[in-house]
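K.L.:
The listed protein sequences correspond, in order, to chains R and X. The first sequence begins at 734 in this note's numbering and counts up by one. The second sequence begins at 6 in this note's numbering and counts up by one.
By construction, these hints were calculated from the structure, which means they are not laboratory data. Incorrect hints may appear among the rest.
Claimed, not checked - Okay, the calculated beta carbon distance ranges per label pair:
| id | chain 1 | residue 1 | chain 2 | residue 2 | range |
| --- | --- | --- | --- | --- | --- |
| 1 | R | G838 | X | I595 | 42 to 50 Å |
| 2 | R | A928 | X | R274 | 14 to 22 Å |
| 3 | R | P830 | X | E638 | 37 to 45 Å |
| 4 | X | G423 | R | S815 | 24 to 32 Å |
What the hints assert, rightly or not - Here are the computed lysine to any residue pairs in the SDA-like style, where the Cα-Cα straight-line distance is at most 25 Å:
| id | chain 1 | residue 1 | chain 2 | residue 2 |
| --- | --- | --- | --- | --- |
| 5 | R | K829 | X | R434 |
| 6 | X | K222 | X | S84 |
| 7 | R | K841 | X | E361 |
| 8 | R | K929 | X | S84 |
| 9 | X | K369 | R | T945 |
| 10 | X | K621 | R | T945 |
| 11 | X | K222 | X | L85 |
| 12 | R | K831 | X | D430 |
| 13 | R | K929 | X | M578 |
| 14 | R | K953 | X | E571 |
Unchecked claim - Not close to chain R: a few residues of chain X, all C-beta gaps over 10 Å, as computed:
| id | residue |
| --- | --- |
| 15 | N113 |
| 16 | S252 |
| 17 | L256 |
| 18 | A277 |
| 19 | L298 |
| 20 | L382 |
| 21 | S386 |
| 22 | I413 |
| 23 | E467 |
| 24 | M573 |
| 25 | I577 |
| 26 | D580 |
| 27 | R584 |
| 28 | R629 |
Here a beta-carbon is modelled for each residue, glycine too, at the ideal position from N, C-alpha and C.
Okay, here's what each chain looks like letter by letter:
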Amino acid sequence: MKVEIICRDVALATALALLPIAARAAEPRAVRGQETSGKVSPGDAQKGKVVFEALGCNKCHGSEGEGVSAAGQSGGVPRIASTSLALPVFIQLVRKPKNLMPPFGTDKASDSDLADVYAFLQSLKLPAKQESTATVNPSNGQRLFVRDGCYECHGYLGQGSTSTGGTRLGPPRIPLSGFVSYVREPTGQMPPYTAKVISNEDLSEIYNFLKTVPPPPPLKSIAILNQ
Amino acid sequence: MAKQNNNGIPRRDFLRNAAAGAAALATVPGATAKLPPPERGTIPPPPMLPAAEVETPSRAEVLTAERTGSDFMVDVIKSLGIEYVCSNPGSSFRGLHESVINYGGNKNPEFITCLHEESSVGMAHGYAKIEGKPLLVFAHGTVGLQHASMAVYNAYCDYVPVIVIGGNIIDATKRMPPVEWAHSVQDAAAMLRDYTKWDDLPISLPQFAESAVRAYKIAMTPPMMPVVLIADGELQENPIPSDAKLSIPSLALATPPQGDSAAVAEAARMLAAAENPVLIVDRAARTAAGMPLLVELAETLQAPVVDMGGRMNFPTRHPLNQTWRARDEISNADVILGLELADFWGAIHSYRDQMERTSRPLTKPGTKLISISSTGLFFKSNYQNFQRYPEVDLDMAADAQATISSLIEAVKKQLPTGRKSVLQDRGARLAAAHEQTLQNAREAATYAWDASPISTARMCAELWAQIKDEDWSLVSTIQFVSRWPMKLWNFNKYYQFIGASGGYGIGYGAPSAVGAALANKKHGRISVNIQCDGDLMYAPGVLWTAAHHRIPLLTIMHNNRAYHQEVMQVQIMADRHSRGVDRARIGTTIDDPGIDYAKLAQGLGMYAEGPVTDPKELGPAIRRALDVVKRGEPALVDVHTQPR
Chain R
734 MKVEIICRDV ALATALALLP IAARAAEPRA VRGQETSGKV SPGDAQKGKV
784 VFEALGCNKC HGSEGEGVSA AGQSGGVPRI ASTSLALPVF IQLVRKPKNL
834 MPPFGTDKAS DSDLADVYAF LQSLKLPAKQ ESTATVNPSN GQRLFVRDGC
884 YECHGYLGQG STSTGGTRLG PPRIPLSGFV SYVREPTGQM PPYTAKVISN
934 EDLSEIYNFL KTVPPPPPLK SIAILNQ
Chain X
6 MAKQNNNGIP RRDFLRNAAA GAAALATVPG ATAKLPPPER GTIPPPPMLP
56 AAEVETPSRA EVLTAERTGS DFMVDVIKSL GIEYVCSNPG SSFRGLHESV
106 INYGGNKNPE FITCLHEESS VGMAHGYAKI EGKPLLVFAH GTVGLQHASM
156 AVYNAYCDYV PVIVIGGNII DATKRMPPVE WAHSVQDAAA MLRDYTKWDD
206 LPISLPQFAE SAVRAYKIAM TPPMMPVVLI ADGELQENPI PSDAKLSIPS
256 LALATPPQGD SAAVAEAARM LAAAENPVLI VDRAARTAAG MPLLVELAET
306 LQAPVVDMGG RMNFPTRHPL NQTWRARDEI SNADVILGLE LADFWGAIHS
356 YRDQMERTSR PLTKPGTKLI SISSTGLFFK SNYQNFQRYP EVDLDMAADA
406 QATISSLIEA VKKQLPTGRK SVLQDRGARL AAAHEQTLQN AREAATYAWD
456 ASPISTARMC AELWAQIKDE DWSLVSTIQF VSRWPMKLWN FNKYYQFIGA
506 SGGYGIGYGA PSAVGAALAN KKHGRISVNI QCDGDLMYAP GVLWTAAHHR
556 IPLLTIMHNN RAYHQEVMQV QIMADRHSRG VDRARIGTTI DDPGIDYAKL
606 AQGLGMYAEG PVTDPKELGP AIRRALDVVK RGEPALVDVH TQPR
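Pulled out of the complex, with its shape left as it was, chain R reads as follows (with noise of 0.2 Å):
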């Protein structure tokens, strides 16, 4: 007798639903520009960069902290990378985050832990212009998101499911390095797809694939929507 097994709670799914958005947590323009108070001592970036991708910093905001910028619709994750932002206000954000990147507090990381990456993330050069990924070919792209199951959980076109936990991932939200960080270590209940299964430049060209879903019809547009 086959007995179906489902999400095991409301909850739990839409956290999985939420948990590679990061936060756009949009730097305010009255905090740019300033000096660390110096109440927290300056950090360690080679630290920095180990706390970085302990906490899964870089499975949203990138393995350079790059962030991606999602044009026509809601998320996207801000770079850090050579943040503007104040120490002291870093840590604040980070602390209580603004909008859906969750909270870390000190009992996953503590002021010190987060000088560190704050000096790794000064540490970073600013990427010229985001990552290309026009080479790769979007239709074999579309095969492997098949292939390799990525549509069983977040359907054919990345729409995502609640029942399955899949969050939405066309187009995507996250640079292609977070991406890949993500599927590769997961924090959530995807399974982890090492480089045995699914080799990097795989990943990548998917990632174009999700790059060319259309976005979706303006939901004014769709009468029986909003009914």
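With the hints as your guide, set chain X onto chain R.
P.N.:
Below, chain X without anything else, positioned relative to chain R:
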């Protein structure tokens, strides 16, 4: 299922219990009364029958009886107001079968022909959740109950009353070989005892009457569950003795247990004093009267409601419905009231299924937990559907719906007059959040709007557009279509949703939908079933039952061509073992060849069309099928869908 061939030879010696009317027939002790020789052309007995089967009886026989035990059993069944018997026919209850259709006039109860016992019980399951009372299932005590067992388990886990009568031949000397031996059992109810509330084996008609009334009463007393009666074949078929003194006990249903008054007062004090109380409801509304009570409780407290969906508890468009913001509200709560919550622990924890399975509480430290649930009044050990132990602070073993009225009154007394503005502010915040959640859901539904296979959001939106102005009732589960109906549709009547299977046993969907539609039929409602493909194929014959009995039901196939949950489960294992996932479809998909559900349904006598693959064609297809349903017949539209 094998059916016996009695070849014209009476199975039982009626002389032993001859009715008064039969006494006038001449009997000569010790004499041999021969049956007339077979007429020319009569089919001879098959050679495999034992000699005893073809021998003539040793004395004159009474071959007919006007009133038998099964007639009285039907009197008892009628006294309980049972409308239908769902059954796949079987010889061990042939007496009851015949009495229902002839003696009882095939009305109250009416015999509903089912093609599988799992369908019979599944129909009873769905019917009870709409009508609020059980119908009857007849089944063989052996092979029938074995077929029925999975569906009985679902009803047990879902706290639904079902009355099953299993036929059996208890006296071994009366069993006709070979089939009746294979179809007889010492303790027929044993196989169901772990997941039924009560069973009995009455050995007389007076006992049958008492047991049947008792069974009904037990099944209907919260926590409601299936019950089983075993009806002996001899008891069914023997004539009622002339001196029999038979009566049917009156039925007075037990009032559902209310929470202790002191505990209710304490719960009210905690809720009234809470800064952020949260109500989590599951099977809280036991009847239609439960919904307005839950609304009144929530509005009195201006508290968010998280609906786990075991029943139709709370209107989906009510501003206090915060189901889709469950995590936010639960993590912010200082007091949580769980009402008939099947899995309190699961509702307040997240769970992660990786190599090391981990969990963590969603609640903040110090959050007080209150439970009101009748499930605490009845436990069994073997099957583990009782879920993980929740560490609650106040536990009322009581029926939630029966307790809510007194809880509302107690809360009103406890609420400080100065908190009116606090409550208003809380309500305003929740209303704004509810509106935003609805908009977010609509926005999310636009993704993959024009995709083929068709997105589940598009399918549910197209369906809603067609039924929203009808008196509709969704008689299927929603978790396999991302719960889009609960996000997009306006549910505000109790019969518009019936929850899920309870035991997560696949094969529940189609029969429960047909059973619920049977209940909805007399109310003139449009029953709508979003039907999973894998579920239907467990016992698709139930579609024929819908066609045969003219049960109006609109079925929209969620045809994702897979046991999709299992695709994902195998994928998890393949990823965990780093072996790739491209073979995860082996053994989990229902494709190559794809099943043509329209043709299947047409072959079973229904209107059907599809598969629909273009989303633009879906609305018109649903409209055509709906026209058929409005004429009082079932119809099916096959839709090629995205996985979830």
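K.L.:
For every hint, state whether the structure bears it out.
P.N.:
Structure-based check of each hint:
1. The hinted range of 42 to 50 Å is satisfied by R:G838 and X:I595, whose Cβ atoms lie roughly 46 Å apart.
2. At about 58 Å, the CB distance of R:A928 to X:R274 disagrees with the hint of 14 to 22 Å.
3. The hint said 37 to 45 Å for the Cβ distance between R:P830 and X:E638, and at roughly 55 Å that hint is violated.
4. Between X:G423 and R:S815 the C-beta distance comes to about 52 Å, which lies outside the given range of 24 to 32 Å.
5. Taking the CA atoms of R:K829 and X:R434, the gap is near 20 Å; set against the 25 Å cutoff, the hint holds.
6. Of the pairs offered as hints, the one joining X:K222 and X:S84 holds, with about 13 Å between alpha carbons and a cut-off of 25 Å not exceeded.
7. With a C-alpha separation of about 20 Å, the suggested pair R:K841 and X:E361 falls inside the 25 Å cut-off, and the hint holds.
8. Among the hinted pairs, R:K929 with X:S84 is inconsistent with the structure: their alpha-carbon atoms are about 68 Å apart, more than 25 Å.
9. Proximity of X:K369 to R:T945 is assessed by CA-CA distance (about 42 Å); at most 25 Å being required, the pair is judged violated.
10. As the CA atoms of X:K621 and R:T945 are separated by approximately 22 Å, the hinted pair is consistent with the 25 Å bound.
11. Restraint check: the Cα-Cα separation between X:K222 and X:L85 comes to about 10 Å, which is no more than 25 Å; the hinted pair holds.
12. The straight-line distance between the Cα atoms of R:K831 and X:D430 is roughly 21 Å, inside the 25 Å bound, and the hint therefore holds.
13. For a cut-off of 25 Å, the pair hint linking R:K929 to X:M578 stands: about 14 Å separates their Cα positions.
14. Annotation: proposed proximity of R:K953 to X:E571 is violated, straight-line Cα distance about 37 Å (limit 25 Å).
15. No Cβ of chain R comes within 10 Å of the Cβ of X:N113; the nearest lies about 34 Å off, and the non-interface call holds.
16. Separation of X:S252 from chain R is adequate, the least Cβ-Cβ distance of about 42 Å exceeding the 10 Å criterion.
17. At roughly 35 Å from the closest C-beta of chain R, the C-beta of X:L256 stays outside 10 Å, upholding its exclusion from the interface.
18. With a least beta-carbon separation of about 26 Å from chain R, X:A277 lies farther than 10 Å from that chain, consistent with its non-interface assignment.
19. Residue placement check: X:L298 keeps its beta carbon more than 10 Å from all beta carbons of chain R (closest about 23 Å).
20. Look at X:L382: its CB is around 25 Å from the nearest CB on chain R, clear of 10 Å, so calling it non-interface holds up.
21. Distance check on X:S386: its Cβ is at least 20 Å (rounded) from any Cβ of chain R, clearing the 10 Å threshold; non-interface status holds.
22. With a cut of 10 Å on Cβ distances, X:I413 stays outside the contact zone with chain R, its closest approach being about 26 Å.
23. Not every CB of chain R lies more than 10 Å from the CB of X:E467, the least distance being 7 Å, so the non-interface label is violated.
24. With a cut of 10 Å on Cβ distances, X:M573 falls inside the contact zone with chain R, its closest approach being about 5 Å.
25. Not every beta carbon of chain R lies more than 10 Å from that of X:I577, the smallest distance being close to 5 Å; the non-interface claim is violated.
26. Remark: the non-interface label on X:D580 conflicts with the geometry, its nearest Cβ contact in chain R lying 4 Å away (cut-off 10 Å).
27. The beta carbon of X:R584 is not kept farther than 10 Å from every beta carbon of chain R, the shortest such distance being approximately 7 Å.
28. Chain R leaves X:R629 outside its interface by the beta-carbon criterion, the shortest separation being 17 Å against a cut-off of 10 Å.
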